[in-house]
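Take the given structure of chain A and dock chain B to it, following the hints.
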Amino acid sequence: MKLQISTRLAIFAVLELAASEDRQLSVAEIGEKFGVSSHHLAKVMHVMGRAGLVRSIRGAGGGYQFAGNARRTTLLDVAQLFEDLSSNEQNTGAVDATPEGQTLSGVLNEIDDIARATLGSITIATMRKLVERCGADGTKSSKAALSRRPIQTRL
Amino acid sequence: MAMQTDAEATEINAAVRVRRVQAADISHVITLDTRVTKLAKAEYWNDVFRRYGKQRRHERFFLVAENLMDRADSRLLGFIIGEIRAWEFGSTPCGWVFALSVEPRMRLHGIGSALLEAISDEFKKAGVSKMRTMVARDARLPLLFFRSEGMIAGPYIQLEKDLD
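So the protein lines, in turn, are chains A and B.
According to my numbering, the first sequence is numbered sequentially starting from 1.
According to my numbering, the second sequence is numbered sequentially starting from 1001.
Check the hints yourself; a few may be wrong.
Keeping only pairs whose Cα atoms sit at most 25 Å apart, straight-line, the calculated DMTMM-like set for lysine to aspartate or glutamate is [to be verified]:
| # | chain 1 | residue 1 | chain 2 | residue 2 |
| --- | --- | --- | --- | --- |
| 1 | B | Lys1124 | A | Glu83 |
| 2 | B | Lys1130 | B | Glu1059 |
| 3 | A | Lys2 | B | Asp1138 |
| 4 | A | Lys129 | B | Asp1121 |
| 5 | A | Lys2 | A | Asp84 |
| 6 | B | Lys1161 | A | Asp112 |
| 7 | B | Lys1161 | A | Glu110 |
| 8 | B | Lys1124 | B | Glu1149 |
| 9 | B | Lys1161 | A | Asp96 |
| 10 | A | Lys2 | A | Glu110 |
| 11 | A | Lys33 | A | Glu132 |
| 12 | B | Lys1125 | B | Glu1043 |
| 13 | A | Lys129 | B | Glu1149 |
| 14 | B | Lys1054 | B | Glu1088 |
| 15 | B | Lys1125 | B | Glu1088 |
| 16 | B | Lys1130 | A | Glu132 |
| 17 | B | Lys1161 | B | Glu1088 |
| 18 | A | Lys129 | A | Glu21 |
| 19 | B | Lys1038 | B | Asp1121 |
| 20 | B | Lys1161 | A | Glu21 |
| 21 | A | Lys43 | A | Glu83 |
| 22 | A | Lys43 | A | Asp77 |
| 23 | B | Lys1041 | B | Glu1103 |
| 24 | A | Lys33 | A | Glu21 |
| 25 | B | Lys1130 | B | Asp1164 |
| 26 | A | Lys33 | A | Glu16 |
| 27 | A | Lys129 | B | Asp1138 |
| 28 | B | Lys1130 | A | Asp137 |
| 29 | B | Lys1161 | A | Glu100 |
| 30 | A | Lys2 | A | Asp22 |
| 31 | A | Lys129 | B | Glu1117 |
| 32 | A | Lys129 | A | Asp22 |
| 33 | A | Lys2 | A | Glu132 |
| 34 | B | Lys1054 | B | Glu1083 |
| 35 | A | Lys33 | A | Asp22 |
| 36 | B | Lys1038 | B | Glu1103 |
| 37 | B | Lys1130 | B | Glu1149 |
| 38 | A | Lys2 | A | Glu83 |
Hints were generated in silico from the structure; no laboratory data involved.
So that you can see chain A by itself, here it is in the shape it has in the complex (with noise of 0.2 Å):
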């Protein structure tokens, strides 16, 4: 699956704030972490702190805090901000009225149930933790945390 930078962004930049929710990080700050541009990062967080999900500090040494609960808020509370999550609903003609279309539709609801029960599972609180687990562990953890070797069955 593949995300949009700017849902990217979002959840690195909620991530960073969440680590310690009583520090405030500018726009600069978050963008020298993670190498992005300040001015795409500003529009990202612009959309975050009108959901709510982050509050701006004015002032010398301002910038932006977390505000949400990163034990309740997870990463479809945040890409749903900047991704279409809703079901696959193409419509381009009367080919997505035959068999055909409507059997192609229910394959790609699937894939796209499943998307969103993942990204409703996990909360900022629970990728905290897997972000430190992986910076812990170095490489090998993440390396076994992402791939996915299916066990094979003996028919």
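Relative to the frame of chain A, chain B by itself:
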């Protein structure tokens, strides 16, 4: 937090202890399950107790969390049931958790975590290194809980078909 023997149990803190289920617990299991699921299944739970509380106890684990603080209140705070299964779906032996319930008023107090840790200790003692469970896609609370306990999606896809 390993349980050493049936007689011994683990005190999570001064208030709660995890131990093997006993016959006297089943009425409380039924009450808790009925309250949570809104479905009364006395016959089911009596059968589960027969199979998981009394048989093959080296690979079947029916654990309960009991309230130590209020001795007059004998209600259970939660329970967890699992067993070691081998070679189903081509899997090497692993521990499966197929039931977990915590008294709704006592959630977010670490009881679910303690139950899961207790059964995972039993699985490890029995020699397995993998624990699995299955959760309905729309069961948000259990999904959030198991994910927060470090569980991730496994290599299987559950498939189904209507028989008509």
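Now the hints, each set against the structure:
no.	hint	verdict
1	B:Lys1124 with A:Glu83	41 Å, violated
2	B:Lys1130 with B:Glu1059	14 Å, holds
3	A:Lys2 with B:Asp1138	23 Å, holds
4	A:Lys129 with B:Asp1121	21 Å, holds
5	A:Lys2 with A:Asp84	12 Å, holds
6	B:Lys1161 with A:Asp112	20 Å, holds
7	B:Lys1161 with A:Glu110	14 Å, holds
8	B:Lys1124 with B:Glu1149	16 Å, holds
9	B:Lys1161 with A:Asp96	24 Å, holds
10	A:Lys2 with A:Glu110	17 Å, holds
11	A:Lys33 with A:Glu132	16 Å, holds
12	B:Lys1125 with B:Glu1043	31 Å, violated
13	A:Lys129 with B:Glu1149	9 Å, holds
14	B:Lys1054 with B:Glu1088	23 Å, holds
15	B:Lys1125 with B:Glu1088	21 Å, holds
16	B:Lys1130 with A:Glu132	21 Å, holds
17	B:Lys1161 with B:Glu1088	19 Å, holds
18	A:Lys129 with A:Glu21	15 Å, holds
19	B:Lys1038 with B:Asp1121	31 Å, violated
20	B:Lys1161 with A:Glu21	47 Å, violated
21	A:Lys43 with A:Glu83	15 Å, holds
22	A:Lys43 with A:Asp77	17 Å, holds
23	B:Lys1041 with B:Glu1103	17 Å, holds
24	A:Lys33 with A:Glu21	17 Å, holds
25	B:Lys1130 with B:Asp1164	36 Å, violated
26	A:Lys33 with A:Glu16	9 Å, holds
27	A:Lys129 with B:Asp1138	23 Å, holds
28	B:Lys1130 with A:Asp137	19 Å, holds
29	B:Lys1161 with A:Glu100	20 Å, holds
30	A:Lys2 with A:Asp22	32 Å, violated
31	A:Lys129 with B:Glu1117	17 Å, holds
32	A:Lys129 with A:Asp22	18 Å, holds
33	A:Lys2 with A:Glu132	23 Å, holds
34	B:Lys1054 with B:Glu1083	13 Å, holds
35	A:Lys33 with A:Asp22	18 Å, holds
36	B:Lys1038 with B:Glu1103	13 Å, holds
37	B:Lys1130 with B:Glu1149	14 Å, holds
38	A:Lys2 with A:Glu83	10 Å, holds
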